[in-house]
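Undergrad: Residues per chain are reported as follows:
There are 4 protein chains.
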Amino acid sequence: MALMGAGRAGREHATNLGSLPDVRVALICDPVTAAAQNAAKLARADKITESVDEVFDCKDIEAVIISTPTETHAEYMERAAKAGKAIFCEKPVSLDLARATQALEVVKECKVPFQIGFDRRFDPGHAEVKRQIDAGALGQIDQFLSVSRDPAPPTKEYMAKSGGLLIDSAIHDFDIARFFVGEVEEVICWASVRFCEYAGEVGDVDTATTLLKFKNGAQGVVQNCRRAAYGYDVMTEVSGEQGKFVIHAESKTPTYHFRKGGWERDYYYFFMDRFGPAFRAELVAFFEALSCEHPLSPDATDALESLRIGVAATRSLREGRPVKIAEVGTERVRES
Amino acid sequence: MALMGAGRAGREHATNLGSLPDVRVALICDPVTAAAQNAAKLARADKITESVDEVFDCKDIEAVIISTPTETHAEYMERAAKAGKAIFCEKPVSLDLARATQALEVVKECKVPFQIGFDRRFDPGHAEVKRQIDAGALGQIDQFLSVSRDPAPPTKEYMAKSGGLLIDSAIHDFDIARFFVGEVEEVICWASVRFCEYAGEVGDVDTATTLLKFKNGAQGVVQNCRRAAYGYDVMTEVSGEQGKFVIHAESKTPTYHFRKGGWERDYYYFFMDRFGPAFRAELVAFFEALSCEHPLSPDATDALESLRIGVAATRSLREGRPVKIAEVGTERVRES
Amino acid sequence: MALMGAGRAGREHATNLGSLPDVRVALICDPVTAAAQNAAKLARADKITESVDEVFDCKDIEAVIISTPTETHAEYMERAAKAGKAIFCEKPVSLDLARATQALEVVKECKVPFQIGFDRRFDPGHAEVKRQIDAGALGQIDQFLSVSRDPAPPTKEYMAKSGGLLIDSAIHDFDIARFFVGEVEEVICWASVRFCEYAGEVGDVDTATTLLKFKNGAQGVVQNCRRAAYGYDVMTEVSGEQGKFVIHAESKTPTYHFRKGGWERDYYYFFMDRFGPAFRAELVAFFEALSCEHPLSPDATDALESLRIGVAATRSLREGRPVKIAEVGTERVRES
Amino acid sequence: MALMGAGRAGREHATNLGSLPDVRVALICDPVTAAAQNAAKLARADKITESVDEVFDCKDIEAVIISTPTETHAEYMERAAKAGKAIFCEKPVSLDLARATQALEVVKECKVPFQIGFDRRFDPGHAEVKRQIDAGALGQIDQFLSVSRDPAPPTKEYMAKSGGLLIDSAIHDFDIARFFVGEVEEVICWASVRFCEYAGEVGDVDTATTLLKFKNGAQGVVQNCRRAAYGYDVMTEVSGEQGKFVIHAESKTPTYHFRKGGWERDYYYFFMDRFGPAFRAELVAFFEALSCEHPLSPDATDALESLRIGVAATRSLREGRPVKIAEVGTERVRES
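Chains as they are written, first to last, in this note's numbering: chain A, 1 to 336; chain B, 1 to 336; chain C, 1 to 336; chain D, 1 to 336.
Chain A with its partners taken away, still in its complex shape:
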C-alpha cells in the first residue's frame, strides 16, 4: 500500500503501519522529502516519492491512506477509486458538501472499499459501548452528551482552512452521536468567540454548544471549546431506559499523588496520548476487513452525514435558528 501525506497524522499512521506485520508499505508520498524519509523509516517503506501520479499508476499498490491537506482529499479519492485501490481517508472528505458528495459517488461507482478516519469509534471505550448498545444494554436511548475540548487553539492559518470548530472538531462528536444513537434530524447551535481573537478574524468561533434532535426522538448535546488549561478533554455519555454509559479517560498514568490538601492525578494533553491506540486500531480494522473482504466502517455515508450535521450547525449559528439536516444541500461550509 501507499501512504499519502507525511504530516502530523501521516507520521502517526507511518508508525502504526511499521508495526503491522502483514502490511507492506511500498510508497510514501509527500512533497517534503525530509518528512517522507522520516515516515518511510517509521513505516519501513520501500520507497518515497513526491509524485502523486506514481502512487496511482503503480499497479502493485492495492490500498492508499490519504492524510494530505483536506483540499486534496476529494481529488485523490477519485483518482484512487478510478485506479481500483482501496481507500482510507482522513476526515473530512471536503469542506464543500457538493464536492464531498461527488467524490463519494465516484468511490461508490468504482466499487472500491472506503473507510473514513473517524478514529474515536476505535477507542476501546467507545467501541465497547457500541457493542453494549447493540446488545441492548441501554434499551431505548433518551439522551446523549459529548464534551470535547482542546488544550489550546490551533494556529490562525490552520483555523482558516479547517472548516471551523464545528467541522474540524465537533465532527468527531457528531460521528459518535450517530454511531451510538442514530441519524440526526435537526440541530441548533450557539457559539461565540470568547478568548481567541483570531478565530473571529477568520470567521470561526472558539466555544460552541450544539443541540441535536435525533430522528428517534432522543436529545443530544455537544460542547466544544478550543481551550482547556488541564488538557485534552473528551467525555461521552449516553443514557436510556436501562442506565447509562460514560466514557472518560481520567488520567494518562495510573498514579495518585496524595499530598498536603488532598490528592492529584495527571491528565491527557495531546490527543495522540488519548487516542493513539484508536489510531492504530482503525488501520488494523481497515486491513483486516480488506483481507477478509468484509465491508469497511465507518463508510462513505458516515463521512457524509457527520459533515452534513457540521454544516447544519454552522448554518444554525449564522442564522440564529434551528436547522433541519434535510435542509442542508450541497453548500460549501465557508467562503474562503
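These aren't lab readings, by the way, just hints derived from the structure by calculation.
All copies of an identical chain are treated as equivalent in the list; a pair is satisfied when it fits inside any one copy or across any two copies.
Listed below are the simulated DSSO-like cross-link pairs for lysine-lysine, each with C-alpha atoms no more than 27 Å apart in a straight line:
id	residue 1	residue 2
1	Lys-130	Lys-324
2	Lys-213	Lys-91
3	Lys-215	Lys-108
4	Lys-130	Lys-260
5	Lys-156	Lys-260
6	Lys-130	Lys-252
7	Lys-213	Lys-130
8	Lys-41	Lys-91
9	Lys-59	Lys-41
10	Lys-324	Lys-213
11	Lys-91	Lys-47
12	Lys-111	Lys-82
Using the hints, position chains B, C and D against chain A.
TA: Relative to the frame of chain A, chains B, C and D by itself:
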C-alpha cells in the same frame, strides 16, 4: 420558630431542626395530625396545631419554615412577612410569576429576612466550587453543564401540580447556573415525552434539554430526565480560562467490589441520600444568618430569577424558538 | 440515659444523642463544668453533674455511655453493671488485660447489655462489606489488608497514656480484621520511631506493620503510621475466592478540580469527617437493640479479643518474634 | 540484534522489535520452528535458526535478547558476554544464586552492557513515581506496600520450574521495593497453600505475605496470590514525610456502566494488557542506552539483589523466622 407542613420535606426539616441545639421549635402546623405529631417528635417541638392562624398570631415565633404545598407558599409568605417573622420557604414561591413577584414584594416591604430552599447551594461540593470561583480559580467562565435525573417519575397527581419538569426539577439546575456563572439572557429548550405517558396527559414532558446563554456570553446546558435506572443522578460541570470543576458524588458508600469481569460500586437512589447534608446545612445557614443579622442567601431575587428561567424554558418548548428571559413577564406557568 | 465524659468523643456523642428523638439524656457527667454544659446543650440534656455517684445512683437512668479517660472505664463499667444499667463504652476497656477481663466478667454476671465503641464497624462501607461477606460474596477469604494513618501524632501526654500505636490506633484495624475474617492465631510486628522523637521517649513507636495469621489460615497485614501529610487515611481490603472488597473513602467533597497539569480532589483530615456517620450509627444501633432487646454488637468478646491482638503485637515488637494470641494472658500493656 | 526464545514473552518482544524503526533483527533463535517463524514475521527478522551457536558466532549481531527458559539464562548470558554482545535478559538470571552470581561476574568482566527484564520499572506509573521520589516529593519514606495477584495459577509444570511464588512473581514486587525505597535488610514471610493443591505437591505456595525491613528503617509489605477472580491485580503504594503515591490501573477501558444498583467498570485480566507498554518501553530504553552508550538499568546488581530477597523470603518461610538478606549466600532456591 414554627414549621409549616410536615410532608416529605417537612419531615426532613423536622429531623434537622431537632438536631440544632440553638433552635426551639414552638409549633408544628399541619392539617394531618399524625404527620404533625411525628414531625413534632423529630423536632422536639412544644406543640402541634392544624391552624395556620395560630402560627402567624403567636408573638413568640420569630421564624417560619414553609414546606406546605406550593399553591399556599405565596399567601403564607405574605402573612408571615406582615407578622414580622423571618421566612424560609421551599421552592418555588409560586407557579404564577405575577403571584410570586407580588409575594416577594410584600416580603421586601416588610423587611423580614427571607431565604428560598435551594438546598443544592449548600451541598459541600457546590459550596466549595462557588468559593473557588469567587476566589478566581477559573478566571473567565466559558461553559456550564448540569445533568439531573430522577430514578423514576413522580405520580401523575404530583406531576399535574408540579409546574412540570422545567419548573419542578430543572429549577435547581437553573439556580446553580446563576450561582456559578451569573444571570441568564436567553434559553432554548427541546423536550418531549419519551416513556411516561401520563406526563403527556398532564401537559408535562419527561426528558428535556435546555441551552442557556448567559449575559456574560458563557454557554450553558441543562439535561433533565424523569428516569434513571441507576439512581438519582446529579452532575455539574463549570469550565473556563483556568480549568474546570466537576461535582459528582460517585457512590453512596466508599465500597469497591472487585469480582469476575471487573468491579462495581453502588450509587445514590433517593435525593435525600445525596443532598441530606445540604438540607441540614441550609437550615444551619438560615439560623446562623438570623442570629448574626447577616443577609440571607439564596434570597428573593434568586427565588424569582430561577423561576423566570423555568418559565422561559417552558415557553421556548411550547413555541419552538429561543426565548429571552426579558420577554418573560408575569405569566402563569401552566393553566390548570 | 446518662453520658459520662464530655471530651472530644463525648461531645460528638452528645451531638448525636441530641438528634435521636427517642432518647432522653437525663444527665451529663464531667468534672469540667463548661464541657458538661456544652455537651448538655448539644444533647438537650436535663441536667449536668460532676458526681459519678449521681449517675449510678439515679434509678431513672437505664443506660450509660462511658467516654471518660481509659483508666476509668473498667471501674465505671463495673459500677454501671452492678446498678443494672446498659453500657456503651469507648475502646479500650483497659490497658491492663487482667483488669479488662475482670470488668467484662462483672458485666457478664450482672447480665446488662454491653457494647464497645468500635465505630468503624458502623461505617456504611464496612457494614456493607460485612453483609456481603456473610452472604458469601467472597467465598473463602485468603488475604486481609488494613492501612490506617493519622494526619499527625497526638501530644506526648496523650501518647504516654494511650497504650501505644498498637493499642490506641491499630486496635480498630484488628477489630475489623476479626469482623471480616475471624479469630487471629498469631502476629508478628515490626515497628519503629521514624519521625516523632517523643514517641520513643514514652516507649511508643510512630510507624508499625503487623502480620496476622488467622485461625482459618488467611493472612492479614496492618499498616499504621502517626503521620500523613494528606490527611486521615483508612483503607481496608479483603480478598478471597470470588474477588475482593476495598473500602476507601476517596474525598471529603464530591469535587474534581481540573487545572494545569491534571486534576485534584480533597481528602479527609479529621477522623470525625470520615467516621462521623459511623459514630452516630453505633449509638442508633445501641438504642435500637436495647429497645428491641436484641443482643448488642460489638460485644465484650470483641472488646477483649482485639485488645489481646494489640497486646500480642506489642509483645512481638518487644521480643522480636512471632507471638501467638494464646500466649497472651492477663498482662498490662505497658508499665507506666 | 538477535532474539533468543520465541515463547510467550519472546513473541511480545518480537512484536515490539518489529515496531522499533532503528532496530534490525537479524536472527530469531528457537528450537520450535513454527514459533521462530511467527516471531520472525512479527519482528520482520532476516532469518531464523535453531542453533544458539549461530547467534553467538555471528559477528554482525551486537545485542541479544534472552527470553529462553530460566535454566538456560546463565549459560547464554556468559556466552553472549564472551562474544562481546550487549545483553537483555528476562528475569530471573537463575534459580541458583551461585550460578546467577557467576554469570553476572562474567558479564562484568567482559564489560558488555547488561539489562535485566524488570518491566514494571518502565510502566508509566512506576516510572513517574520514581522520578517524583528522586525529586524529593515524598521526603523520608516510611512505608511501602505492593500487592500482586494473578488471575489464576499457572500450570503445575510451570510452577515446578518457576522458583515458586516468591521468586517467580514476588521478585517484581521486591524489585520495585528496591527501586522506590532502597536496599532491604531483613524479611519475614508467611505463606501457605490455600486453594491450589498442586502448588503444595511441587513445594510451592499460592498465597504469601512478606514483611520487608529496609536498611534505611522503612517498613514494607508484599502481598502475593495466585488467584484473583477479577483479574490481574497490581497495586503499589509508597508513603512518607510529604505524602504518598499509589499506582493502580483501575480499568482496561475508560468506560463506566451505570445500571440498576450502581455502576461498574472492567479490569485487567492478562498481565500484557496491564504492562504491554512497559514491555515495549524497556526495549526502547535498552536500545536507546546502547546507542547513547549510557549505562543500562536495571542492571546486574538489580538482578541479583531482588533474587536474594526472594531467596531470603523462601528461607524465612521454610524456617519460620525473620531472615537477614546478608545471611543469604549462594544457595539454590529449591532442590528439584
